[in-house]
Amino acid sequence: MTVVGGALAVMLVSLLLSWRKQRRDKGGGAVVPRDTTVAAREARVRARAEAAGFLPRERLDTERAAAPDPRVEAAVEAVVRGEWEPAAALVRASGTDWWLRRTCVSRLAERAAEDDAWLAAWERARPEDPEAALVRGASTVFLAWDIRGSLTADHTTAEQFRGFHQVLHQARADVDRAVALNPEDPTPLVDSISLAFGMGEPHEHMRELWARIVALDPYHFQAHWSALQYWCAKWRGSRELAMEFAESAAAEAPPESMLVLLPLLARWEHKSDLKEPFTSPRARAATDAALRALAAAPEARTAPQVRHFVAFFLAEQKRYGEAREQFRLIDGRIGSPPWTYFARPAEAYEEIRDGVLRKAR
Numbered sequence: 013m014t015v016v017g018g019a020l021a022v023m024l025v026s027l028l029l030s031w032r033k034q035r036r037d038k039g040g041g042a043v044v045p046r047d048t049t050v051a052a053r054e055a056r057v058r059a060r061a062e063a064a065g066f067l068p069r070e071r072l073d074t075e076r077a078a079a080p081d082p083r084v085e086a087a088v089e090a091v092v093r094g095e096w097e098p099a100a101a102l103v104r105a106s107g108t109d110w111w112l113r114r115t116c117v118s119r120l121a122e123r124a125a126e127d128d129a130w131l132a133a134w135e136r137a138r139p140e141d142p143e144a145a146l147v148r149g150a151s152t153v154f155l156a157w158d159i160r161g162s163l164t165a166d167h168t169t170a171e172q173f174r175g176f177h178q179v180l181h182q183a184r185a186d187v188d189r190a191v192a193l194n195p196e197d198p199t200p201l202v203d204s205i206s207l208a209f210g211m212g213e214p215h216e217h218m219r220e221l222w223a224r225i226v227a228l229d230p231y232h233f234q235a236h237w238s239a240l241q242y243w244c245a246k247w248r249g250s251r252e253l254a255m256e257f258a259e260s261a262a263a264e265a266p267p268e269s270m271l272v273l274l275p276l277l278a279r280w281e282h283k284s285d286l287k288e289p290f291t292s293p294r295a296r297a298a299t300d301a302a303l304r305a306l307a308a309a310p311e312a313r314t315a316p317q318v319r320h321f322v323a324f325f326l327a328e329q330k331r332y333g334e335a336r337e338q339f340r341l342i343d344g345r346i347g348s349p350p351w352t353y354f355a356r357p358a359e360a361y362e363e364i365r366d367g368v369l370r371k372a373r
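The sequence shown begins at 13 in our numbering and counts up by one.
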């Protein structure tokens, strides 16, 4: 069994913590004094928003897109205490609920990337457990990407790239083992997509991988999100390939899958290459399609992620009344793109939201 451990893990986690601190520090900066009239106007806008039931930026949850699943949170709290058994039971019980299974694995993997002692204990107790292998593979992928960071290549150090590629090779072995232990589970194949664009796999490899995934679950939300990243120009594709993938997937999917998000996400990812990326007729049509899906399946588990994008697009399209209703539904938890793509998510969200509230009729 392969395990990220020992001196390598200590070194990588130390680097990880250092880079996290650097990123947090970059997010700061001095506050530029503003005209008191502007400050007073902003204070009035904030007061009106709060009076209407919306939260101020300091109370916004920037970590979650929606209310957390108490089952997942309980499992995470248990592993923090060093108890792996509740996590093992929950992942096993998720069965073929691929959304819940992926959500569980992702949250547990994030914890294991910081401290995997509980996961190592799980592996020792159950050496051939496919659920333990799932979490191991996902955690190694998570660690690799956290080491690299989310900035562009010109803002990523050589040290980060070395750590990234070193851990990616370990991740491939871990993910392949998870796939081998349960070949009917699409969950580890989502991590294979991350490996594909991280390691520069060719298009033919990605197409073969994608065929395996959709054969197991044709509307896997997390898999589609990750695959779109591969086809984006910033990774291994182009604007045209990303838009083709997004629009084809959205057109073929049922409303409750919420894959109608993909054309909006593709437009966001290529906003610098598109004329009127948020307000063109195609952007408006994609927004309307997303609204129809939300009306048809308002309680879908992936609906919050869609609402965050729809709120942004409606605001850009000056459809303030419709945007206000979406902001009312998402307000409070904003740990989702597009807000997390801003340097200061809470400030960006509040500014756009309050602008909508001010202009809505």
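It is worth saying that the hints were derived from the structure and are not from the lab.
Remember, predicted model here, so these are calculated numbers, not experimental data.
Some hints could be false.
Stated by the list, open to error - Dumping the calculated DSSO-like pairs for lysine-lysine here, alpha-carbon to alpha-carbon at most 27 Å:
1. K371 <-> K330
2. K330 <-> K283
3. K287 <-> K246
4. K246 <-> K371
5. K246 <-> K283
6. K287 <-> K330
7. K283 <-> K371
Evaluation of the provided hints:
1. Restraint check for K371 and K330: satisfied, since their Cα atoms lie roughly 9 Å apart, inside the 27 Å limit.
2. Between K330 and K283, the direct Cα distance comes to roughly 18 Å. Compliance with the 27 Å bound is thereby established for this hinted pair.
3. Of the pairs offered as hints, the one joining K287 and K246 holds, with about 18 Å between alpha carbons and a cut-off of 27 Å not exceeded.
4. Restraint check: the Cα-Cα separation between K246 and K371 comes to about 35 Å, which exceeds 27 Å; the hinted pair is violated.
5. For the hint linking K246 to K283, the alpha-carbon distance of about 12 Å falls within 27 Å, and the restraint holds.
6. Restraint check: the Cα-Cα separation between K287 and K330 comes to about 17 Å, which is no more than 27 Å; the hinted pair holds.
7. Between K283 and K371, the direct Cα distance comes to roughly 24 Å. Compliance with the 27 Å bound is thereby established for this hinted pair.
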